[in-house]
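Our numbering numbers the first residue of the sequence shown as 1 and each following residue consecutively.
Treat each hint with caution, since some may be false.
To be verified - As a list, the in silico DSS-like pairs of lysine-lysine whose alpha-carbon atoms are at most 30 Å apart:
id	residue 1	residue 2
1	182	148
2	198	182
3	15	68
Unchecked claim - Pairwise CB distance ranges (calculated):
id	residue 1	residue 2	range
4	25	254	17 to 23 Å
5	14	145	23 to 29 Å
6	271	180	42 to 48 Å
7	221	1	26 to 32 Å
8	233	77	32 to 38 Å
Think of the hints as simulated: they come from the structure by calculation, not from any bench.
The beta carbon of each residue, even a glycine, is placed where N, CA and C say it ideally should be.
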Amino acid sequence: MAESREWTYQGLRGKLVARTWSGSQAPTHRVVIAHGYGEHIGRYEAVADALVRNGAVVYAVDHIGHGKSEGERVFVEDFEDIVTDLHTLDEAARKVHPDLPVVLLGHSMGGLIASRYAQRYGDTLAVLVLSSPAIGRWSAASALLAMKEIPDVPLDVTTLSRNPAVGDRYAADPLVWHGPFKRTTIASMQRAIEEVNKGPSLGDLPLLWIHGENDQLVPIEGTRLGIEHLRGDRYVERIYPGGRHELFNETNADEVIADVTAFIRTQLTAR
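Can you make the complete structure from the sequences, with help from the hints?
Okay, here's the thing in structure tokens:
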């Protein structure tokens, strides 16, 4: 397994807990991971280990209000601040590894954050990987905001993966948020989606989009609108039949991570 080190830094709205995963060999590239809504970077151990075995050193941070980081739970006033906090993480990593090409990987809400990051800081990236990203049109946001009161209903964990153990672990994880959505956060998320839609395409930045065909949390049709806006010529998509929301925790997770690492290798070699 990759060795990991936990550390902290100051974000715009509080102290953030970050983690670095590394291997015994000198890395050939750096991967930055942006996690999804309500979760934390501890859920990415297996992904980070696979990326390290592929030659990466991996950096990730619990977003404000998530996991071990400070802040009111899952409360986000402005996603631009989270993008800035992620850039601060990248700047810290760049001081340690100044010459390594950078891959940004974002899942779900983290895919939205990564998309906006690529629009703001695309010249610092070599590759972008978006996993089930909440971009383009996320109809759940409009539906939730239209409600007078957002119901306190727990997530249906069966929507995460066809592997029941994934949902069981999620439900038992004390660092995962199990409460209701917060209106301010959903409104901020909707604004961030609109900002991405209004922002520039990614030009020649290599983009890999992966999505489960049976994703009920972030339906593929809405995401495709955002992808078509962002994508350039160096673009690959992988749509997995029957796949649910968390592809890295799916029953075919080995296939998914193999596709991701192969894309990264191909694009970095092309550089």
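Right, here's what the structure says about each hint:
1. Proximity of residue 182 to residue 148 is assessed by CA-CA distance (about 12 Å); at most 30 Å being required, the pair is judged to hold.
2. For the given pair, residue 198 sits about 25 Å from residue 182 by alpha-carbon distance, which is consistent with the 30 Å threshold.
3. Taking the CA atoms of residue 15 and residue 68, the gap is near 9 Å; set against the 30 Å cutoff, the hint holds.
4. Distance hint for residue 25 and residue 254: a CB-CB separation of about 22 Å, consistent with the stated range 17 to 23 Å.
5. A hinted range of 23 to 29 Å for the beta carbons of residue 14 and residue 145 is consistent with their spacing of about 25 Å.
6. Residue 271 and residue 180 have their C-beta atoms about 44 Å apart, which keeps the hinted 42 to 48 Å range intact.
7. The hinted window of 26 to 32 Å between residue 221 and residue 1 is violated, with their beta carbons roughly 38 Å apart.
8. Against the hinted window of 32 to 38 Å, the Cβ-Cβ separation of residue 233 and residue 77 comes to about 36 Å, which satisfies the hint.
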